[in-house]
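These are the residues of each chain, in order.
Number of protein chains: 2
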Amino acid sequence: MASSSSSHPSAPCAACKFLRRKCIQGCVFAPYFPPEDPTKFVNVHKIFGASNVSKLLNEIAPHQREDAVSSLAYEAEARLKDPVYGCVGAISVLQRQVLRLQKELDATNADLIRFSSSQSISTTPPSSQPNSHVSPSSNYGSTYSSWS
Amino acid sequence: MASSSSSHPSAPCAACKFLRRKCIQGCVFAPYFPPEDPTKFVNVHKIFGASNVSKLLNEIAPHQREDAVSSLAYEAEARLKDPVYGCVGAISVLQRQVLRLQKELDATNADLIRFSSSQSISTTPPSSQPNSHVSPSSNYGSTYSSWS
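Sequence order for the protein chains is Z and R.
Residues in the first sequence are numbered from 448 upward in steps of one, following the numbering used here.
Residues in the second sequence are numbered from 448 upward in steps of one, following the numbering used here.
Be aware that a few hints might be false.
Pairs count within a copy or across copies, as identical chains cannot be separated in the list.
[Said to hold, decoys possible] Calculated cross-link-like contacts (lysine-lysine; reagent style DSSO-like; alpha-carbon spacing at most 30 Å):
#, residue 1, residue 2
1, K493, K464
2, K550, K469
3, K469, K487
4, K550, K464
5, K464, K502
6, K550, K487
7, K502, K550
8, K550, K493
9, K502, K469
It should be emphasised that the hints constitute simulated quantities derived from the structure, not laboratory data.
Please read all numbers here as calculations on a predicted model, not as lab measurements.
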């Protein structure tokens, strides 16, 4: 989290270098856009614009800025790779995975219960009954609005 | 997909109204930012900037622009709700759900196999063996780089 002025007395941060401006002490970009990684700022700038990123960073607490820049960089990279869907494409794929896995889990649990019941009828009950793996926290789909 | 000039001959689209400019025939924003929904453009403009959105729309095929605007609007809304993580927060939650469901599915399948084996030893095999619900497409985690 050291600013460019302390770790690189003479090197401007990647943002100031790209924007061709003096990297002053307390530059809002410097702690998160080191000169060694120019692509990170180029991507974020291309998708969100330097002014919007600067505004956003100033609006959030300093201890959360690193996470904010990481998520912006992730979104920017996803949008550059997929200009139509960006990282919303990943959300869509993950939502389908969750639905498919939940369906598979429901089917497996149903098999387990059916198998256990049929065995109970034809034989003496086994010493340990199988456990149904439906956790109460499996309320997928309720946290985020669906993208499809 | 009708442009504002055809559906609303006198009303500028939400983007041109917000930017206080004349909404000309062929305006790149008009088909996707109708005057009835001003918030959609305000959000997208606040996060990405009108210029970046315009550039993006011009770079992609017309038939994909509606999806692109929808995904930008989704991302913008998510970033306004959660300035630190934006829609990357949703990716993180969904990735954890996928991992948890896969773990539960693996445990249930293991139970099913164990239960079936113990029954086969003590009794005659049941008429139908349970099926293990591990689909070959369950390669979660390989499609998108993890965010955590």
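Here is what the structure says about each hint:
Taking the closest pair of Cα atoms, K493 and K464 come within 30 Å of each other both inside a single copy (15 Å) and across two copies (25 Å). With identical chains, the CA atoms of K550 and K469 are never at most 30 Å apart, being 56 Å at best within one copy and 52 Å at best between copies. Proximity of K469 and K487 under a CA criterion of 30 Å is satisfied intra-copy only: 19 Å inside one chain copy versus 36 Å between copies. Taking the shortest Cα distances, K550 and K464 never come within 30 Å of each other, neither inside one copy (51 Å) nor across copies (47 Å).
Taking the shortest Cα distances, K464 and K502 sit within 30 Å of each other both inside one copy (19 Å) and across copies (23 Å). Neither within a single protomer nor between protomers do K550 and K487 lie at most 30 Å apart by alpha-carbon distance, with minima of 39 Å and 34 Å respectively. Taking identical chains as interchangeable, the C-alpha atoms of K502 and K550 are never at most 30 Å apart, the minima being 43 Å within one chain and 41 Å between chains. Taking the shortest alpha-carbon separations for K550 and K493, neither the intra-copy value of 40 Å nor the inter-copy value of 39 Å comes in at or below 30 Å.
Taking identical chains as interchangeable, the C-alpha atoms of K502 and K469 lie at most 30 Å apart whether they share a chain (18 Å) or sit on different chains (28 Å).
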